[in-house]
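Q: Chains A and B, in that order, are what the protein sequence lines are. Residues 1 to 224, numbered by our numbering, are exactly what the first sequence covers, in order. Residues 1 to 206, numbered by our numbering, are exactly what the second sequence covers, in order.
Just so you know, the hints here were simulated from the structure itself, not pulled from any lab data. Careful, some of the hints might be misleading.
With the Cβ distance kept under 7 Å, some of the chain B side facing chain A (calculated, not the full set) [stated by the list, open to error]:
#1 A24
#2 V26
#3 L71
#4 A105
#5 L107
#6 R148
#7 A151
#8 E158
Listed next, the in silico DMTMM-like pairs over lysine to aspartate or glutamate satisfying Cα-Cα at most 25 Å (straight line) [what the hints assert, rightly or not]:
#9 A:K188 to B:E60
#10 B:K118 to B:E60
#11 A:K122 to B:E114
#12 B:K118 to B:D38
#13 A:K188 to B:E114
#14 A:K188 to A:E170
From the three backbone atoms N, C-alpha and C, an ideal C-beta is built for every residue, glycine too.
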Amino acid sequence: MRNAVLIVVALVVVLFLFSRHPSTASSEAQVNGGAGTTTGHLSVVPTIRSVTVSPGSVTFGNCTGGGGYTNSVGTSMGYPNGSCSVGLVGINESFPITVTYTGIPGDVFVNGSSAVPSDDGKSWALCTPNSTTTCTGGEGLPGTDQYMVSNFAQGVADAGVLTTSPRCDEEFNSQPDGGCSATPPEFKSQVQHEGLLLTGPESWSDHSTSWTLSVTWTAVGPSS
Amino acid sequence: MRTGLAVTIGLAALLATAGQPAYASVGVGIQANAVHLDGVAHPGGTYTLPSLYVVNTGTEAESISIQVERLSSGPGTRIGTKTSTGTGTGWTVSPSWIQITGLGAQLAPGGSAEIPLKLSLPAGAQAGSYSSDLVVTGSTAVTTGDVRFGAAAATALEFSIVPNPPSGIPAWRWWVLFALLALVAITLTIRRTGLRIHMELRGPHA
């Protein structure tokens, strides 16, 4: 019983000692009166990843190929297997599409879609050589109601063929040998300029002269 | 007069040029951290997932759509198939299990939104770890040009399913069993401490 009393007394003494000795600065503040507030500003790293594509839409041009009365003319693609592009490779090279990745490091994927005619008739399917959606025309070119799109970029030697499912955009990272990794410096942006090359069908079912397709770039995490 | 006309025409041309979609961009941002369900889910249950943060990084108002899919998975991947490719190991999430609301309005340039998500599991859902991607796609109402560009961003979706308790025993019986065990434990504890509780009932005139 006496020990317990001693322990309680000792605890009270310790609490008293530690609670009655505030710093000198705060003592002065109390003496002077009033109160002060300071505002702290804190910056944190970005917690989102994003991709931005500019412009939002384009029109194909530089059309070549086809034959006879259905040869390509200017911005109109011919049959069979005419081709048009957005941008150019070679001497007057240009890459009109700007893809910007922003945020913490990740990858950039890209995919295409079917081409839809203006009368909403029979679409052209996007085909890819040596895949499940293989091109059925001669020499690996698109067959009936098929078409193929590849993208090319500044500083990357080979073009990549688009699929309907998002896949690594091998053109996005020009250093050192292509690839889709996006590692923006200091959590800022990584930019790539790209172009598109379209090869049309060998033959067609729909007679529309205007077709629409879409190409989508996707920002994903690095482990995808 | 001619000068005024020239200025008017110039201004009109400038406005027309500025309005062309060639200067527009389409962009989407998404939270980098995965949408992860705290705790485990049971077959047949419905759970509220953390909401998904999306932002319009383009210059035009955008319509937002969300797909549940497993990016970069192998060609043989099917719903309900266990794979080790893509965003992680485990089962692929069936898109029909995820309920997405709040996608009606367009997102203004620079605008952001928190998209509510719910997980509704069928009674026959397999136990295990599940992993897929939530892919947010932004699209504009641009009607010119024959190639429309889209922007998308993806983040992981993760949760685990554990089996329900054996279906032959109703849940209330588990509660009764738990209560009995708790009563026994309290009784034993009181007896070990030597505490005696004496209860006496007396009438009002005792």
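Q: Measure nothing beyond the straight line between the CA atoms of K118 (chain B) and D38 (chain B); if it is 25 Å or shorter, mark the hint as holding.
A: Cα-Cα ~13 Å, so holds.
Q: Can L107 (chain B) be said to touch chain A, with a Cβ gap under 7 Å?
A: This hint is violated: L107 (chain B) lies away from chain A, its Cβ roughly 13 Å from the closest one there, beyond 7 Å.
Q: Is the interface hint for E158 (chain B) satisfied, with its Cβ closer than 7 Å to some Cβ of chain A?
A: The hint is violated - E158 (chain B) has no Cβ within 7 Å of chain A, the shortest such distance being about 12 Å.
Q: Decide if the proposed pair is consistent with the structure: K188 (chain A) and E114 (chain B), CA atoms, cutoff 25 Å inclusive.
A: holds, 23 Å
Q: Is it true that the CA of K122 (chain A) sits at most 25 Å from the CA of E114 (chain B)?
A: violated, 38 Å
Q: Are R148 (chain B) and chain A close enough, Cβ to Cβ, to be under 7 Å, as the hint says?
A: holds, 4 Å
Q: Does K118 (chain B) pair with E60 (chain B) here, judged by a C-alpha cut-off of 25 Å?
A: Distance ~29 Å between K118 (chain B) and E60 (chain B) Cα, so the pair is violated.
Q: Is K188 (chain A) close enough to E60 (chain B), meaning Cα to Cα at most 25 Å?
A: Cα-Cα ~22 Å, so holds.
Q: Hey, does the L71 (chain B) contact hint survive, CB to chain A under 7 Å?
A: Since chain A brings a Cβ to about 5 Å from L71 (chain B), closer than 7 Å, the hint holds.
Q: Would you check whether A24 (chain B) satisfies its interface hint, that is, whether its CB is within less than 7 Å of any CB in chain A?
A: holds, 4 Å
Q: Checking hints one by one. Is A151 (chain B) an interface residue toward chain A, by the C-beta closer than 7 Å rule?
A: holds, 5 Å
Q: Compare the distance between the alpha carbons of K188 (chain A) and E170 (chain A) with 25 Å, and conclude whether the hinted pair is satisfied.
A: OK: K188 (chain A) and E170 (chain A) at ~21 Å, within 25 Å.
Checked against the numbered hints given earlier, this structure breaks hints 4, 5, 8, 10 and 11; the rest are met.
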